[in-house]
Amino acid sequence: MSTSGLRVVWVYPDLLSTYGDQGNVLVVERRARQRGLAVERVDVRSDQPIPTSGDIYLVGGGEDRPQRLAAERLRRDGGLLRAVDNGAIIFSVCAGYQILGHEFVNDLGQREPGLGLLDVVSVRGTGERCVGDVLGDIDEALRLPPLTGFENHQGVTQLGPGVRPLARVRLGKGNGTGDGTEGAWAGTVFGTYMHGPVLARNPQIADLLLKLTLDVNALPPVDDRWYEALRSERIAAATQAA
Amino acid sequence: MAESAQPLSARARLAVTAGKAAAAVSRAAGRGSGSVIGGRVALKVDPELLSRLAGHLDVVLVSATNGKTTTTRLIAEALRAGGEVVSNALGANMPAGITSALSGGSEARFGVIEVDEKYLAGVARDVTPKAIALLNLSRDQLDRAAETRMLAERWREGLQGNKATIIANADDPLVVWAASSSPNVVWVAAGQEWKDDAWSCPSCGGVLHRPDDTWRCGECGFGRPMPTWVLSGDTVIDPNGSAWPIRLQLPGRANKANAATAAATAATFGIPPHIALERMQSVAAVAGRYDVVTHQGRDIRLLLAKNPAGWLETFSLIDPPPTPVILSVNARGADGTDTSWLWDVDYGRLAGHPIAVIGDRRLDLAVRLEVAGVDFRVCQSLPEALQQLPPGRIEAIANYTAFQDLRRTVGN
Ligand SMILES: [Zn+2]
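Keeping their order, the protein sequence lines are chains A and B. Just so you know, we're using the working numbering here: the first sequence kicks off at 39 and counts up by one. Just so you know, we're using the working numbering here: the second sequence kicks off at 1191 and counts up by one.
A couple of the hints might just be wrong.
As the list claims (entries may be wrong) - Covered by chain B, per the in silico footprint, the following chain A stretches (three or more residues, Cβ under 8 angstroms):
1) 51-57
2) 60-67
3) 102-115
4) 133-144
5) 228-235
6) 265-273
Don't read these hints as lab results, they were simulated from the structure. The beta carbon of each residue, even a glycine, is placed where N, CA and C say it ideally should be.
Isolated chain A (complex conformation) (with noise of 0.2 angstroms):
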């Protein structure tokens, strides 16, 4: 963590922030605010480069051809790459996901290439579109209560030896292969196809983040009654649904 504080960025708010997903943004920084911690917030449009000094980084969701600019953009400018190298924790969701991979099928149907910092591939489905509740166990590595959100995508991705999945879907599609996985993660890189917005459904995978970026074991509690209120009103209606 820099000496400024806590160094939020949300990646191309122009092109990936179509989902709600700014919430991710929005609770990464009030839990860090309710913390005691200063937080610094930067906005880096799509014709910016992107710091390589952030402490978090979070790409969101986007449609099909913002998400060709923004790999292209992404690809061209190098910052999140050299960001990881730092150190700096990336979280990404649908779309910021599949950038992430090694390629994923563009809006124009050809192969795109994507960062890297994931060990995934992303292709379009043939099947139905995926959208409803999911719920899952998240990768018990992590040590973290249930996986609840919102899916909504196409998207198909097959996970490499290098990750491992952030989840197992109880009920929902999650990477969409069909083996139950959901999302990737590596290191300090992370993604899924959840939203709800993913962080504002799971503030422990929130606190997760600020305690890789503190480099912490734990955070002072703060008040989750209204987030556990959601949590279990989504649970048991994804339970209900299935």
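Here the structure of chain A is known, so what remains is to put chain B with the ligand in place on it, guided by the hints.
Frame of chain A; chain B with the ligand shown alone:
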């Protein structure tokens, strides 16, 4: 005047009758006005009924993400200065509902029709409109609607070569992209408060530069066209440079923008702006929106906001703190089942208002407000919220089905 008023064919007459019968059965069964089911039956009997019905009318189509029901109503009021109007005033805005609305207007001169964004291209082909008013496009119901830019693209393809006069908002880059393939466009500077769906050039994908009130792509040069009508504060300036005061009962900047577009549309039918604007003044509420109702001894203003752009415009028109506010959000089929969009709304703007949240998804709202750092109270129902809130007129803001729930509860 439209093409010579030929009588409807026997098949079209049968279709209209069948549609009305089905609507009556649906009404009797307590399923609402029956207009949609009636239109569906009529279209089955005669698939070309819509174009036949419209053949007798000078048709205006109105489409947008927000404000289309209100603007349809304002244009209808304005055009009544020139003759009888038939309109789908209750917002049944897909082909079946439109067919049903037109079936009731055999004597009318004008058809003023609200069209769902997804159906605009098809309806514009079927009914040979004289004018098409395009207000704005922004994110809405992302779990099922098409992508916003794709909608603009579909409008653009569907309107290419259409002979109608397009009255379009010069301040919305997506609307300009959609309209600029048409040969005959009247540009209205109607403003755009919500800009977050238009930072990317609709033509080339470059980043748009938006200094002051204008906009231009840094890469391809696609930019704001020169408007001939301009909304300027409380007036609309016509192509001759005359400023006409907009005096509405409807509140807010967005409704002034709707009125400016309605005035420009009416002018294409020869109705002068002062007459059009004066007639719009009679509109106090539109399908319950903006209505102030008294319930349990409290005055409640009912406000509909369905998406981030709509919430933003609504926040700018509510009375300042300490006016109490009720927020209600559902996520049923008609709302879209994903509530993530709540995070694109800046609820921090409600700081200082006493707030009660209700609706099916009040817990999503609770977390959203918690993170925004504003105080709120979660209530099970409208009556409980009314009891809890301090005195004063209440602003109740709700999304689509939550708004219908509110109207039912207060008997509006
Ligand atoms: Zn451009």
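Hints versus structure:
1. 51-57: Holds: 6 residues of the stretch 51-57 of chain A have a Cβ under 8 angstroms from chain B.
2. 60-67: With 4 residues close enough to chain B, the hint holds.
3. 102-115: holds (count 4)
4. 133-144: violated (count 0)
5. 228-235: Result for this restraint: holds, n = 3.
6. 265-273: With 4 residues in contact (Cβ-Cβ under 8 angstroms with chain B), the coverage given for the stretch 265-273 of chain A holds.
The structure fails to meet hint 4 from the earlier list, while all remaining hints are met.
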